[in-house]
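Here the protein sequences come in this chain order: L and X.
Position one of the first sequence corresponds to residue 165 (our numbering), numbered consecutively onward.
Position one of the second sequence corresponds to residue 165 (our numbering), numbered consecutively onward.
Accuracy of the hints is not assured; some may be wrong.
The list cannot tell twin chains apart, which means a pair is met if one copy fits it or any two copies do.
As the list claims (entries may be wrong) - 27 Å max Cα-Cα, derived DSS-like pairs, lysine-lysine:
hint, residue 1, residue 2
1, Lys703, Lys506
2, Lys663, Lys564
3, Lys786, Lys274
4, Lys530, Lys506
5, Lys710, Lys296
6, Lys562, Lys294
7, Lys636, Lys274
8, Lys657, Lys296
9, Lys404, Lys274
10, Lys710, Lys294
11, Lys451, Lys274
12, Lys274, Lys710
13, Lys506, Lys663
14, Lys678, Lys583
15, Lys703, Lys562
16, Lys562, Lys657
17, Lys786, Lys174
Hints were generated in silico from the structure; no laboratory data involved.
Number of protein chains: 2
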Amino acid sequence: MPLGERAGDKSESRYCGVETEFNDDMPHVLAFNLSHGSFDFVIAPLMDPAYRPSLMQKDSGVSGVPPFAGSDLVLSPSQWSSHVVGKVSSWIDLDSEDEILRCDSETTLKQEIAWASHLSLQACLLPVPKGKSCANYARCVNQILQGLSSMQLWLRIPLVKSDSETMDVNTDTSDDSWEIWNSFRLLCEHHSQLSVALDVLSSLPSVNSLGRWFGESIRAAIFSTECFLTNARGYPCLSKRHQKLVHGFFNHSIQIVLSGELVHSLPKINSHIAANDNDNNVDGVQKHPLRPYLDYVGYLYQRMDPLPEQERFEIGYRDYLQSPLQPLMDNLEAQTYETFEKDTMKYIQYQRAICKALQDRVPDDKASSITTVLMVVGAGRGPLVRASLQAAEETGRKLKVYAVEKNPNAVVTLHSLVKLEGWENIVTIISCDMRYWDAPEKADILVSELLGSFGDNELSPECLDGAQRLLKDDGISIPSSYTSFIQPVTASKLYNDVKSHKDIAHFETAYVVKLHNIARLAPPQPVFTFDHPNNSTDKSNNRYTKLQFGITSDTGSAMIHGFAGYFDSTLYKEVHLGIEPSTSTPNMFSWFPIFFPLRTPITLSPGASLEVHFWRCCSPTKVWYEWCVASPSSSPIHNTNGRSYWVGL
Amino acid sequence: MPLGERAGDKSESRYCGVETEFNDDMPHVLAFNLSHGSFDFVIAPLMDPAYRPSLMQKDSGVSGVPPFAGSDLVLSPSQWSSHVVGKVSSWIDLDSEDEILRCDSETTLKQEIAWASHLSLQACLLPVPKGKSCANYARCVNQILQGLSSMQLWLRIPLVKSDSETMDVNTDTSDDSWEIWNSFRLLCEHHSQLSVALDVLSSLPSVNSLGRWFGESIRAAIFSTECFLTNARGYPCLSKRHQKLVHGFFNHSIQIVLSGELVHSLPKINSHIAANDNDNNVDGVQKHPLRPYLDYVGYLYQRMDPLPEQERFEIGYRDYLQSPLQPLMDNLEAQTYETFEKDTMKYIQYQRAICKALQDRVPDDKASSITTVLMVVGAGRGPLVRASLQAAEETGRKLKVYAVEKNPNAVVTLHSLVKLEGWENIVTIISCDMRYWDAPEKADILVSELLGSFGDNELSPECLDGAQRLLKDDGISIPSSYTSFIQPVTASKLYNDVKSHKDIAHFETAYVVKLHNIARLAPPQPVFTFDHPNNSTDKSNNRYTKLQFGITSDTGSAMIHGFAGYFDSTLYKEVHLGIEPSTSTPNMFSWFPIFFPLRTPITLSPGASLEVHFWRCCSPTKVWYEWCVASPSSSPIHNTNGRSYWVGL
């Protein structure tokens, strides 16, 4: 039974599981935990924990039937697959010094996974690696992954990181479990069917250290009953930090699993009972000992705020890579215009900027005598024309508007709009590329909305440079400047999506994407800035920036899969517009961030700094970015000569 | 004029060049340095060093003709291409904080390389990077490399590494120029047209530090006249360490280039003259001031030992990747048998081992009464049959030989041999796979030559396990054991050859290769051992080994492109056979080493250690290796499930 209903949430985090011990009677295990216990699924051992292949062969002389829990005759395959996650024997240790144990472990692991596949299980839980060196375990899992149909393997990892300041420089003494996971998944080459099941303990690492996990593929968070505190009424509850973590898990489709024994003396039930103890009858009714914990998790789930409408609309776009628009080369379609025109907040900001510019341009006492010439360059279907006219009305200024648009289809709509609104005397429509229009007069104000997710990436600089001759020497450009930003991120999901194309070109392309399953490892830093009008002697739009990102040392080691990119724009004076997270304009949806991948992810040691270089390069026909990491180690320079990704002029 | 004749050496290191200063009169530069000076080529600036694009535009208003040295009219393209290496202006600094200098540098670099391409030069010398951060320089060179036809770019790097023990842990204080090269070529993605020109100075780094360069692509070594000492007769000469380095360069096809001014007061010429000073006339004959240095380099060249015949024969195989043989799946051809049979040293060792075994088996006093049964398993065309009969004759033992061979074509040859030699009464030929032969009696001695470059890689263990039932319980196997070895190497040439296939499969394949242009970074360590007969209870031929390689800290940073593999085999008691460098059998040519590549080369910090894992995996139909690096960072596991490279059973 799901934890509850939350508007807009259709994710797996509505389901809660329970970890059980080995029990040969699987129908009972399901009845007890699901029907009586209200859990949605169990994580149950598949094999008697006493089994050792080497002993079995010695005893019998021939290899017998491994002691599996139940078969596909006692539970139907659909019951197995919808309610059971297989728990691989936790005694296995493939990196033991003991060769017999190592071989027994490999045999058992392969037998159990093969059996789980036969039962069509959706996932198996792999036991925590026994030590820091887990190459043989990883080798064996990696071999298994190559032949696995659709089953997921969840590697159990305890949520541990020593934050001790006295930590030795010698990395051998680090007990950051993220490093074990990182090594394991690198050995398995980021296999998409390998994910993490986090074991949450009663003490939690630092916020920065925790944050890293949200860039990883986590499928479950296993909460031991030991994590829970006792509230005033004697019931289990979680600390504020644990609650916040649970919210994070809910928001990232991570399923909660409860584990362990009843360790709280509840007001009514005082017995100390194991999760799958069959004898727990109170007044003849079987009661699940972990029910109070489940109820509390359900309470946390139901207490969450519903998803805002915009967020609900965008759920389908989370971590979905899109190619950026090429509005200069291609003409946008009506649907695209319509979507962007709905972004009210954006046009409110534009209108505010135009109001201020009109007031600066024409003092109040001359409002009725001076007509301001305003050109909307890239007018599309007219939203900025409307904002300009509203600004004129609001400020009482007289306005003459030229609406310049290169897309002949949008021009058709513009003409209809002007007619419909009766703007014929104020608005002149020019069907022309702003870079080539021969204007009859110069403008006081040039308004454009040519910005992409990374600011200049839709060639606003080139377009506005071309239109600058339309502006009076003391004229105003709205926007007057814009700056792009990047920050390093862990984004294993995005990395895998890019990698799935099996070519270099996709690793040298920037994507527009609603970032969700990522970890932001350092605050964003500015990359390229453009000012309009451009009065400098150097008219080049080439740019080069070198950035140093410091990752705070309480984060621990971290993995960089690429860079999240944003922009902030000054429309006019203090009116800005942007998506840089620390200053982003609220309730605006026109831009998702941009993502620049790295061909080979880079692991940073604790406290290490990252040196990144970004170039904006221009040729007569196209504009492109190149990027690389130069420290702690050098990556190849990505997208040399714009070979994989460019924007056409 | 080449430095001299050396039997077998047809490499480029016979040619010696000279670095000159800017001179507009290129025909004179060539006449002076080549005709009069006896150099083979010049490294000459292509452009007036006073040129700055930004000044030129400011001065003239229009962009004029850049001040190049000469054109394709004063020298023919063939003269340019065979005698001139273009020297790019050394003032350029693409990583300067000064944006104007940076832009001027980029413009000039691109102009000069374009001009050099127009002249069909074979190579251009790029100036030394000005600082440790050279990402923008690398970005620009990388852009140029993408469009370059066949011209090589030589990046000038001074041969410097601080060996100071007090070196800070902070890597910023390292002045190891190899790190600059490593960063530059990683940014340029190991581009095959980018190589190094080493600037050799008067003091040299440690032997280990120098050794790294022999795994890199070095095209020239520039010796400043400052490097030279003065000998007893007043002439320039080099220190022992410099001489050894020059020999290393000669052996690796690296051209010597002389540079600088005459700094020795020679007995007859006392003037202090620049390399390209036109006024150096002694008694009316123009004499080249660097001639005494050139004569000394020629002397070093001519003094070298001629290449041994075997080495001369193998020159064509240097660093040439070959797929290992699959003698079990495929039948060898007569040519292959013939080549291997010529390896006299190998059969001498086998004969010595058989002699000892015969003597141990049959005491002298029973030599005439006991007949030893010896089986040659995998007899091929009979070389081990011959060695066995010779051993019997040498020791006076009576022998009965079974020659077992699965290749029906080789069996034909065997029959001819036995008839020709009159061995019919002693030798029985069995046309059968040794694993399946039903023998009429058991053998005292089982002799085989099934070893590959990596010992077990041609499935000797599986074949001999299959043949073990042919051997008496106390019987002897020759070989009685064998061990494989690996060591980490820098091998940029091999890496590039593997990479040129543009797939993962070639990075997950082992190659047989005559290793030459490599740096061995640590002594080889044993990997897998097999004993015959195998009397242990565990008959599995699966193996797993974890190795730690320490790179001595005076090496500095180092790059691992993969692993060189070898074997050593104990034929019988103290008679061994192998190619592991420290114990290799001399004058044997049957085996080149094996090379296991890494998909992504790994850079090691000074003094870092490398953790490597190797697996030998067996299935019913094939045997394969998997390998990975787990520290300092984890690589993917290579060749999972033998997907790219395997040996068929």
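Each hint, compared with the structure:
1. Lys703 x Lys506: Close neither inside one copy (35 Å) nor across copies (73 Å); limit 27 Å.
2. Lys663 x Lys564: Close neither inside one copy (52 Å) nor across copies (62 Å); limit 27 Å.
3. Lys786 x Lys274: Intra 53 Å, inter 19 Å, cutoff 27 Å: inter-copy only.
4. Lys530 x Lys506: Cα proximity of Lys530 and Lys506: none, with 35 Å in one copy and 106 Å across.
5. Lys710 x Lys296: Classified as between; 14 Å across copies, 35 Å inside a copy.
6. Lys562 x Lys294: Answer is neither: 77 Å inside a copy and 59 Å across each miss the 27 Å cutoff.
7. Lys636 x Lys274: Neither: 76 Å inside a chain and 38 Å across chains, both beyond 27 Å.
8. Lys657 x Lys296: So Lys657 and Lys296 pass the 27 Å test inside one copy only (25 Å; across, 34 Å).
9. Lys404 x Lys274: Close neither inside one copy (41 Å) nor across copies (60 Å); limit 27 Å.
10. Lys710 x Lys294: Between copies, since 17 Å is at most 27 Å while 42 Å is not.
11. Lys451 x Lys274: Neither, since 36 Å and 79 Å both go past 27 Å.
12. Lys274 x Lys710: The answer is between: 22 Å across copies meets 27 Å, while 49 Å in one copy does not.
13. Lys506 x Lys663: neither (34 Å within a copy, 50 Å between copies)
14. Lys678 x Lys583: Cα proximity of Lys678 and Lys583: none, with 38 Å in one copy and 82 Å across.
15. Lys703 x Lys562: neither (33 Å within a copy, 96 Å between copies)
16. Lys562 x Lys657: neither (53 Å within a copy, 72 Å between copies)
17. Lys786 x Lys174: neither (43 Å within a copy, 47 Å between copies)
In terms of the numbered hints stated before, the structure departs from hints 1, 2, 4, 6, 7, 9, 11, 13, 14, 15, 16, 17, listed from lowest to highest.
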